[in-house]
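So the protein sequences, as listed, match chains A and B. Quick note, the working numbering runs 1429 ahead of the 1-based positions in the first sequence. Quick note, the working numbering runs 7 ahead of the 1-based positions in the second sequence.
Hint data in this document are derived by calculation from the structure and do not stem from the laboratory. Idealized CB from N, CA, C, for every residue including glycine. Any given hint might turn out to be false.
Chain B side only, calculated, beta carbon under 7 Å to chain A, not exhaustive [unchecked claim]:
no. : residue
1   : Ala288
2   : Thr291
3   : Thr293
4   : Tyr318
5   : Tyr323
Stretch-level coverage of chain A by chain B, calculated; a stretch enters the list once three of its residues show a Cβ under 8 Å from a Cβ in chain B [what the hints assert, rightly or not]:
no. : stretch
6   : 1442–1456
7   : 1478–1490
Dumping the calculated BS3-like pairs for lysine-lysine here, alpha-carbon to alpha-carbon at most 27 Å [as the list claims (entries may be wrong)]:
no. : chain 1 : residue 1 : chain 2 : residue 2
8   : A       : Lys1475   : B       : Lys32
9   : A       : Lys1475   : B       : Lys314
10  : B       : Lys269    : A       : Lys1490
11  : A       : Lys1611   : A       : Lys1664
12  : A       : Lys1440   : B       : Lys272
13  : B       : Lys272    : B       : Lys314
14  : B       : Lys269    : A       : Lys1475
15  : A       : Lys1673   : B       : Lys314
16  : A       : Lys1611   : A       : Lys1475
17  : B       : Lys58     : B       : Lys282
18  : B       : Lys272    : A       : Lys1475
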Amino acid sequence: MSDLTVMRTHKLFIGGAFVRSESGRTFVLNSAKGTFVANVALASRKDARDAVLSARSAFEKWSGATAYNRGQVLYRVAEIMQGRKDQFVEELILMGSSKRDATKEVEQAIDQWVWYAGWSDKLAMVNGSANPVAGNFFNFSVPEPTGIVAIIPTVTPSLYALVDSVAAAIVSGNSSIVIAAKKSSLVALSLAECLATSDVPPGVVNILTGDAAEIAPWLASHSDVNAIDLSGISKKDLLIELEKAAAENLKRVLRPDKNLPQGLNRINLWLETKTVWHPRGY
Amino acid sequence: MLKDHPLVLPELLTEATNSASALKKFLHGLSQVDKVGADARAAMLATRSIKTSAKLEGIDLAITMIDLTTLEGSDTRGKVKTLCAKARRPDPLDPTVPSTAAVCVYGDLVPFAKLELADSDIKVAAVATAFPSGRASKEVRVQDVREAVANGADEIDMVIDRGAFLEGRYLEVYDDIQRVKAASGTAHLKVILETGELKTYDNVKRASWLAMLAGADFIKTSTGKISPAATLPVTLVMLQCIRDFHKATLRKIGMKPAGGIKTTKDAMKYLVLVKETLGDAWLTPTLFRLGASSLLNDLLMQRQRMKSGHYSGPDYVSID
């Protein structure tokens, strides 16, 4: 009996499920050498709308989980990524990386994920404070997630940028919608498969593959999206359009930059501060 | 409406209600519902796409047809007050949004709803007859209706005795509806069939005819307490009964699907169903209602989306 290769269907990841685009559209993904790789689902405006709904319904549970629990769940994702390391490397090579670069990028991406996971139960300690006030109150401030973060990550390095932007958003309890560029769709799907088999609740990360110019304006203007990471937007006109739309409901915005905020600063982009005046009671 | 056509049934139908056996013979003699056909037709009509200005009109029409409902054991006067405020002016940011048709509450809360809606056209509907199970003596059920009417209810939503219906004691159900109708006085009577408990479309058809023969002004799918609640095919079957009843008697009976209608898309599907089955004459709040609560917020968000050009969110509608 001859071997029959089982081909992977490249779908979107919305609400914890792998779904085809509502529009039924696909695009052809070719490798760096120009050979056919796959037909990948091409996300539409309505897929983005559905993703916002599932992100919103996931937010309460994910942001309400204890920071310790969130850290454990995220660490588990890194464990699964480690198990699929070879697959990630292969996909990066297919899209044009050298073996050495690909291996390095995957290792860095997994390290970065673990690094973010560790921040989960430390954020409140570093960002929070007990504030001296002139009155009989115990006054303290704690960081809280801003809500739904729409993310358009940079295309190169594809996996590392995905991990860096997604983990920074969800570690504090935000839920997210990622528009992965066509070129990044292989690693984006593999990352989705890692998330689907981990304990990250459905809807916390939604991944759409397709064209940011088509979908991003709908997320930028969406009143139920609280923040938008525009680091992967390279066209100036589009960037201006998106920033204008995002201003409509006062979204937090990350602009594209050669020097994107690193580390804790990246996490802090998607945080609000809640300050409580607690009567001392004597 | 009832006022235009007093309940004078053709001879055939009058005879059908003469005795238990005649009623049973009549109801079982109704043609069988083609389940596959009904499901397919409802599914086909549900695929119809309504866009732009037609959708905007559909949204406003749907809002005017809503019986804004709260039927919880935990209902308070305060909750009824906010419900009434929302029924009056669903979107505080946009005065062009029409009011809903009615609010629907338990009988004991009717006085507070009436007080809040005193100077408006919004009706107050009360569920009665030991809602939602209907498991009480005839006297208690009728007394429940009398109290609601005395409290000022404009509309009564009654439940039928599903146990008696399923056992085939149709005349008892018929008499029961007539008693309630008499107790309702001038209040409109909506008869809840609780189709989720009737199991078959044939039963839905029989119950619809039974309710209409007994003097229902509206027939209503569900209490909202049982799953499945309103579904498209069941609504289609009931609408077809209304159409046939109208042919036979010239009386226009209203329809109210209730429960499980949560999105604008759902609401549009029901409107399409009504238009295709009964025509424009029924596309009015006097003959078609939607029993819902969370649906209103989705309609408002869709309306905002169409007016502003971008998606709205739950932060821009009230928390119920």
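Evaluation of the provided hints:
1. Here the hint on alanine 288 of chain B is broken, as its CB sits about 34 Å from the closest CB of chain A, past 7 Å.
2. A hinted interface residue such as threonine 291 of chain B counts as satisfied when its beta carbon comes closer than 7 Å to some beta carbon of chain A; here the least separation is about 31 Å, so the hint is violated.
3. Interface hint at threonine 293 of chain B: violated, since its Cβ lies 34 Å from the closest Cβ of chain A, which is beyond the 7 Å cut-off.
4. Below 7 Å, beta-carbon pairs count as interface contacts, and tyrosine 318 of chain B has one with chain A at about 4 Å; its hint therefore holds.
5. With its C-beta approaching chain A no nearer than about 6 Å, tyrosine 323 of chain B sits inside the 7 Å limit, and its interface hint holds.
6. With 0 residues carrying a beta carbon less than 8 Å from a beta carbon of chain B, the stretch 1442–1456 of chain A misses the three-residue requirement, and the given coverage is violated.
7. Given a C-beta distance limit of less than 8 Å, the hint that chain B covers the stretch 1478–1490 of chain A holds, as 3 residues qualify and 3 suffice.
8. Restraint check: the Cα-Cα separation between lysine 1475 of chain A and lysine 32 of chain B comes to about 52 Å, which exceeds 27 Å; the hinted pair is violated.
9. At roughly 18 Å between alpha-carbon atoms, lysine 1475 of chain A and lysine 314 of chain B fall within 27 Å of each other, so this suggested pair holds.
10. Of the supplied pair hints, the one linking lysine 269 of chain B and lysine 1490 of chain A holds, its CA atoms being roughly 22 Å apart against a limit of 27 Å.
11. Distance restraint check for lysine 1611 of chain A and lysine 1664 of chain A: the Cα-Cα separation of roughly 16 Å lies within the 27 Å cut-off, and the hinted pair is therefore satisfied.
12. Between the alpha carbons of lysine 1440 of chain A and lysine 272 of chain B the distance comes to roughly 25 Å, so the proposed pair stays at or under 27 Å and holds.
13. Between lysine 272 of chain B and lysine 314 of chain B the CA atoms are separated by roughly 17 Å; this keeps the pair inside 27 Å, and the hint holds.
14. Distance check on the hinted pair: lysine 269 of chain B and lysine 1475 of chain A sit about 18 Å apart at the alpha-carbon level, within 27 Å; holds.
15. With a C-alpha separation of about 18 Å, the suggested pairing of lysine 1673 of chain A with lysine 314 of chain B holds against the 27 Å cut-off.
16. Our distance criterion of 27 Å between C-alpha atoms is met by lysine 1611 of chain A and lysine 1475 of chain A, whose separation comes to about 18 Å.
17. A distance of roughly 16 Å separates the Cα atoms of lysine 58 of chain B and lysine 282 of chain B; the hinted pair therefore holds under the 27 Å criterion.
18. With a C-alpha separation of about 13 Å, the suggested pairing of lysine 272 of chain B with lysine 1475 of chain A holds against the 27 Å cut-off.
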